[in-house]
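Chemist: In the order they appear, the protein sequences are chains A and B. With the numbering used here, letter number 227 in the first sequence gets 475, and the count goes up by one each step, no holes. With the numbering used here, letter number 110 in the second sequence gets 358, and the count goes up by one each step, no holes.
FYI, nobody ran anything at the bench for these hints, they're computed from the structure. What you are looking at is a predicted structure, and each value in this text was computed from that prediction instead of being measured. Careful, some of the hints might be misleading.
The list cannot tell twin chains apart, which means a pair is met if one copy fits it or any two copies do.
Derived DSS-like pairs (lysine-lysine); straight-line CA-CA distance at most 25 Å [claimed, not checked]:
#1 LYS468 / LYS385
#2 LYS472 / LYS385
#3 LYS454 / LYS259
#4 LYS465 / LYS300
#5 LYS434 / LYS477
2 protein chains.
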Amino acid sequence: MVLNNYRKEDKVLLAIDCIIFGFYQEELKILLVERDFEPAKGEWSLIGGFLKNKENLDEAAARVLKNLTGLSNVYMEQVHCYSKLDRDPAERTISVAYFALINIAHHCKEILRENPIKWFDIKDVPELIFDHNAMVKDALLLLRNRASNKPVGFELLPEKFTMRQLQKLYEAILDTELDKRNFINKFNSFDLLNKLKEKDMSSSKKGAFLFEFDEEKYHKKVEKGFSFKI
Amino acid sequence: MVLNNYRKEDKVLLAIDCIIFGFYQEELKILLVERDFEPAKGEWSLIGGFLKNKENLDEAAARVLKNLTGLSNVYMEQVHCYSKLDRDPAERTISVAYFALINIAHHCKEILRENPIKWFDIKDVPELIFDHNAMVKDALLLLRNRASNKPVGFELLPEKFTMRQLQKLYEAILDTELDKRNFINKFNSFDLLNKLKEKDMSSSKKGAFLFEFDEEKYHKKVEKGFSFKI
DNA sequence: TCAAAAGTGTTTATTGTACACCCATGG
DNA sequence: CCATGGGTGTACAATAAACACTTTTGA
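The whole structure should be built from the sequences, with the hints applied where relevant.
Modeler: As structure tokens, this is what we get:
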């Protein structure tokens with residue numbers, strides 16, 4: 249019969265690192281920051297912070313994201329907890345990675361000017377500090393998984409988008425080419441999009457009809473047993 | 249330009265909780281322990297422990313499992329990190345859940361007698377302390393996902409098993425009924441099993457042929473682009 | 001001899017994949 | 001008037017699902 253004493257257990261520093269995904273120019277991007285403190289000052293890094301006593305991890309991740317981008321109510325999900333002994337050379341630190349999906353149209357441009365941060369194409373991520381490259385890899389795998397099984401892709405698009413944008417988004421996330429007719433047929437078979445009267449005239453002379461994701465319709469279908477698969 | 253000082257950041261207690269899956273009597277089971285210390289003494293709980301300064305989380309999870317079961321080299325995977333402020337009423341504790349897949353044939357029976365632990369059918373899990381029921385739920389979802397995409401099921405079976413056992417295992421994990429002809433045809437199409445000359449005579453008069461999973465064959469196929477899907 | 005589990009293929013339905021031409025329009 | 005991206009449907013292939021009878025043998 250043991251009387252446990254929590255007091256004698258070791259405590260650790262718990263960090264949060266955010267893999268912030270965005271989509272523009274038909275490519276999937278992530279937002280990186282040039283670290284302005286030691287260790288590893290001057291190198292590219294994920295956006296991070298430490299967990300505070302009075303918040304949970306989801307809140308900490310949202311706080312870290314808001315500090316950098318000004319955005320709240322962003323789709324975020326925990327990826328994994330990283331705990332290698334020497335992952336941070338300064339001190340033993342455990343880090344929980346989160347990914348965030350942000351709509352670049354919402355993202356204040358000023359922040360990009362005020363901070364030493366930059367969007368990188370997911371295929372062109374530089375060498376990052378610590379184990380951050382592994383975090384990006386794991387986050388991307390998780391994003392692929394989520395995007396295949398839940399309509400999370402819309403988090404990365406403007407409210408109104410063309411079918412071509414939607415297709416390019418899935419191509420970027422899944423790193424594959426898709427046939428446009430098959431893609432549209434499949435998506436239409438879900439019956440989750442509303443076709444608007446408006447057209448986007450920016451990418452062609454004919455113009456392309458805009459669509460919006462009908463979240464309410466989606467939830468009703470889910471209740472009736474529908475499950476999104478792409 | 250900030251000079252970061254890690255020292256002023258809050259530190260936390262980091263726990264590990266293990267969802268230990270086993271399979272017998274054609275049912276998926278989990279191993280639970282009756283807690284013998286406060287808080288929540290006498291209630292059912294996952295097996296847990298605290299992270300030490302000199303180990304990473306995978307090592308801590310393996311240690312916790314070995315302390316209880318005596319088993320090492322067990323398939324384990326991180327599930328999620330739980331951080332609600334008051335999840336442990338005694339003190340602010342963050343917990344990382346791991347699931348483990350153990351082959352009950354390997355599991356020393358003595359441990360079950362020496363410890364206040366018990367196998368519960370996954371469909372009959374009692375009320376657990378803290379957020380442990382949520383952990384079990386998440387672990388089960390992850391296990392379903394893994395079992396559908398990787399041949400992890402064999403971790404739960406003896407080295408030699410019948411096709412019926414394999415089918416019942418998948419039925420238990422996926423919580424669904426499968427047609428035996430379709431199941432066998434599909435599994436055979438993967439060409440991952442070796443049919444042995446031996447029969448298992450314990451479940452019928454006719455006897456059922458035993459099979460084993462050919463891990464080497466599996467790895468060779470994966471290299472050639474094969475991907476397990478069931 | 002019969003109860004109980006093992007073993008085995010075919011047909012049909014569903015889903016995925018490949019593929020090419022006309023449309024609308026601004027420059 | 002033509003270059004550019006938008007929009008549409010059908011045939012074939014692959015995979016999934018439904019389904020029933022014979023075999024073996026210990027009790």
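Chemist: The structure should be examined with respect to each hint, and the outcome stated for every one.
Modeler: Status of the hints after comparison with the structure:
| no. | hint | verdict |
| --- | --- | --- |
| 1 | LYS468 / LYS385 | between (34 Å within a copy, 24 Å between copies) |
| 2 | LYS472 / LYS385 | between (35 Å within a copy, 22 Å between copies) |
| 3 | LYS454 / LYS259 | neither (62 Å within a copy, 59 Å between copies) |
| 4 | LYS465 / LYS300 | neither (39 Å within a copy, 48 Å between copies) |
| 5 | LYS434 / LYS477 | both (10 Å within a copy, 21 Å between copies) |
The structure fails hints 3 and 4 (numbered hints given earlier, in ascending order).
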